[in-house]
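Participant: Here is what each chain is made of, one letter per residue.
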Amino acid sequence: MTDPCLTVQSLTHRYGDRTALSDVSFSVPGGCLFGLLGPNGSGKTTLFRLLATLLPLQQGKVQVCGFDLETQPADVRRRLGVTFQSPAVDGRLTVIENLDCHGRIYGLPSAVIRQRSEELLNRLELSDRRHSMVGELSGGLRRRVELAKGLMHSPQLLLLDEPSVGLDPAARRYFWDLISEFRGSTTVIVTTHLMEEAEQCEQLLLLNAGQTVTSGSPQQLQSSVNGQRLTVRTRDNRQFREPLETLIGQSGRVVGNRLCFRVHDGAASLQKIMQQMGGDVQSAEIAQPTLEDVFLELTGRDFSEDGPEAEK
Amino acid sequence: MSAVSALASRELKRFLRQRTRIVGAIGQPIIFWVLFGAGLRGSFQSPDWAAGLATPLSYQEYFFPGIAVLIVMFTAIFSTISIIEDRREGFLQGVLAAPVARSVIVLGKVVGGTLLAVIQAGLFLLIGPLLSHIGLSPGLQIDVSAFRFIAAGAFLILIAVELTALGFLIAWPMNSTQGFHAVMSIFLMPMWLLSGAFFPGGGGDWLAWLIRLNPLTYGVAGLRRLLYPGDLPVTASLPSMTMCLTVSTAFALICMVICTRLVNRPATHNVT
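If you read the protein sequences in the order shown, they are chains A and B. Just so you know, we're using numbering that gives the first Met the number 0 here: the first sequence kicks off at 0 and counts up by one. Just so you know, we're using numbering that gives the first Met the number 0 here: the second sequence kicks off at 0 and counts up by one.
Isolated chain A (complex conformation):
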């Protein structure tokens, strides 16, 4: 495995007396596409802001490419490319002006700025939009300008905060294809609350209520959960929960309007339910465990619920 591009040790962050992150540690190998997955309020945005050097480090240690975030912030910032959820591009400047402004802020020589902008405009298919005002572009194009801006200074570590929020499915797919194109040459850390995005990452860190739930590759995480997931929807969960639990021989979990069980012999359980309670069941399905199940298994919480305190 290559040297880690990012190491985070015992990171804790508080807003007043509310703890947003508590003792989080992980490391990201160079060239990896790394996902920070967590529901709203899990602390991933706080973690992102700390990594982007926008919040002061309160407790813990962060190293980016061997530089300490607290004592060498300028060295860290030079190696970071950041793409924020709320766009940091200037809507009143054209695409090329935005890239030029960014390059000059990062102190790039003008020849490098010209060459690099051309390269990125071509690669991100923005060449014919170079003189368009960014404010007049569609959400998907603006996000691409944002990505180009983040890549202008050839960062070693690219941070992306919920990069596909507000994009339609086609733009979202296109954006993810771009991200995977850049992985390898650049280490990419992406925060997301979408399972289908998390599944595309090589490594994942699952967060819940400011704490690490688990980490590993999506496949590792999914195979860590035994058995299959059985989801049943009845006409009235209060009335039918108990008979169902007796039938399957374990207690179920209420998730929304469904009852979830972890079973080892999915087909047999399904058959039993349909034979004995078929009339009271609206739907029943068997599935392989997903990242959602991993989260549910380890936290006892449904991923789509909002956190106890949503982040501000």
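Keep in mind that the hints were calculated from the coordinates and are not lab data. All of these numbers come straight from a predicted model, not from anything done at the bench. Check before you lean on any hint, since a few could be wrong.
Residues of chain A placed beyond 12 Å of chain B at every Cβ, according to the derived structure [said to hold, decoys possible]: (1) D74; (2) S85; (3) L92; (4) D99; (5) H101; (6) E118; (7) L158; (8) A170; (9) D264.
Taking lysine to aspartate or glutamate pairs in the DMTMM-like style, the calculated list, with each CA pair at most 25 Å apart, reads [stated by the list, open to error]: (10) K12(B) - D127(A); (11) K60(A) - E244(A); (12) K60(A) - E161(A); (13) K60(A) - D16(A); (14) K12(B) - E88(B); (15) K271(A) - E296(A); (16) K60(A) - E96(A); (17) K12(B) - E161(A); (18) K12(B) - E84(B); (19) K12(B) - E244(A); (20) K271(A) - D235(A); (21) K12(B) - E117(A).
Using N, Cα and C, we set each Cβ at its ideal position, and we do this for glycine too.
Given the coordinates of chain A, assemble chain B onto it according to the supplied hints.
Facilitator: Same frame as chain A, now just chain B:
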């Protein structure tokens, strides 16, 4: 340095693309100058320092340097209010994540705001005296020769740095432009009114003291001195040029230092 010029030229581009801002920043002061100049002509009592002038000082002439400073103030306000927009729109966090000294962020804004302010106030210094040809102002005794224009321009830079830095330190901690407007009406506008720009304040009553304690008084007075050939006498309401330079420079430096301190302090409200 390239980062400062990148941020400053962004300010200029944004300004030129918003026509209403140009009209607001220079149009309104000219209208004020002509209307107040005509309306208050009869009730104006010439201050003691003007006794030695060749012809009695008209109100509109008295008001002339004050309007140049008002243009600087309006421009400074409009440029610094954009800090709040930059933060809300997200541009600011991109700059904060960049490997630049925090003072560059202050300098970028102040240099941009100062350039805009000086260009507009300079234009007014050139255009203002011409209005007498179309009857919108009485003949002015000020002399805008090339040398005086350059000296006045240099002093305008100092006033503009002062006011842009002041606007910056007011805007930085704020989250809403409404808050800035409130500060503008209860603090910045009175600051201008009580600077000797709008009316002279001699004597020893509370008003005269407020004017004397106001750092902007020394900006208006310095500009006034630079616009007249020969030396105007030093009086209670017109401090000496040395005094004007010292107070204005000191105030500009203090504001800049406070701005840099503020920006250096990482704060939660900077992230959107």
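Participant: State for each hint whether it applies.
Facilitator: The hints, checked one at a time:
| no. | hint | result |
| --- | --- | --- |
| 1 | D74 | 8 Å, violated |
| 2 | S85 | 4 Å, violated |
| 3 | L92 | 6 Å, violated |
| 4 | D99 | 8 Å, violated |
| 5 | H101 | 7 Å, violated |
| 6 | E118 | 20 Å, holds |
| 7 | L158 | 9 Å, violated |
| 8 | A170 | 19 Å, holds |
| 9 | D264 | 50 Å, holds |
| 10 | K12(B) - D127(A) | 22 Å, holds |
| 11 | K60(A) - E244(A) | 47 Å, violated |
| 12 | K60(A) - E161(A) | 24 Å, holds |
| 13 | K60(A) - D16(A) | 21 Å, holds |
| 14 | K12(B) - E88(B) | 17 Å, holds |
| 15 | K271(A) - E296(A) | 24 Å, holds |
| 16 | K60(A) - E96(A) | 36 Å, violated |
| 17 | K12(B) - E161(A) | 30 Å, violated |
| 18 | K12(B) - E84(B) | 16 Å, holds |
| 19 | K12(B) - E244(A) | 68 Å, violated |
| 20 | K271(A) - D235(A) | 19 Å, holds |
| 21 | K12(B) - E117(A) | 22 Å, holds |
Checked against the numbered hints above, the structure violates hints 1, 2, 3, 4, 5, 7, 11, 16, 17 and 19; every other hint is satisfied.
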